[in-house]
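Numbering (this note's numbering), first residue to last: 898 to 996.
Calculated from the structure, these hints are not laboratory results. Everything numeric in this text was worked out from a predicted model, so none of it was measured. Note that the Cβ used here is the ideal one computed from N, Cα and C, for glycine as well. Treat each hint with caution, since some may be false.
As the list claims (entries may be wrong) - Between beta-carbon pairs, the in silico distance windows are: (1) A952 <-> S932: 25 to 33 Å; (2) S932 <-> D964: 51 to 59 Å; (3) Q954 <-> P919: 26 to 34 Å; (4) V965 <-> E930: 31 to 39 Å.
What the hints assert, rightly or not - With a straight-line Cα cutoff of 20 Å, these simulated EDC-like cross-link-like pairs (lysine to aspartate or glutamate) come out: (5) K937 <-> E903; (6) K943 <-> E930; (7) K937 <-> E961; (8) K937 <-> D968; (9) K943 <-> E904; (10) K943 <-> E975; (11) K943 <-> D914; (12) K943 <-> D960; (13) K937 <-> E906.
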Amino acid sequence: MSELQEEYEILISGYLDGELGPEDQQRLERLLETSPACRKEFDAMKQLVAGTDAALQIDEPPDEVWDVFLDSVYNQLERKTGWIVFCLGAVALAAYGVL
């Protein structure tokens, strides 16, 4: 990999992630104007980022779905806690009966 190629790949990645400062952005713009390979790589990476963002777009479920989910989790925890208390009570009662 050439030094120039490594440089523009780093600049392109930083640009697409929104991490470049003004100087680096200008350097990338100059590279894009003068290097067809850099422009091709930039366009390919830009399409990849756009496609990935579109594929990972998730809609938030409505509040009713969250309410049902949280009620279900709460009920399951409540049942498990009830069984634990019941078992501890049974063990305590058995221990008392043995003594």
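What are the numbers of the hints that this structure violates, sorted from low to high?
Of the numbered hints given earlier, those the structure breaks are 4, 7, 8, 10 and 12, listed in rising order.
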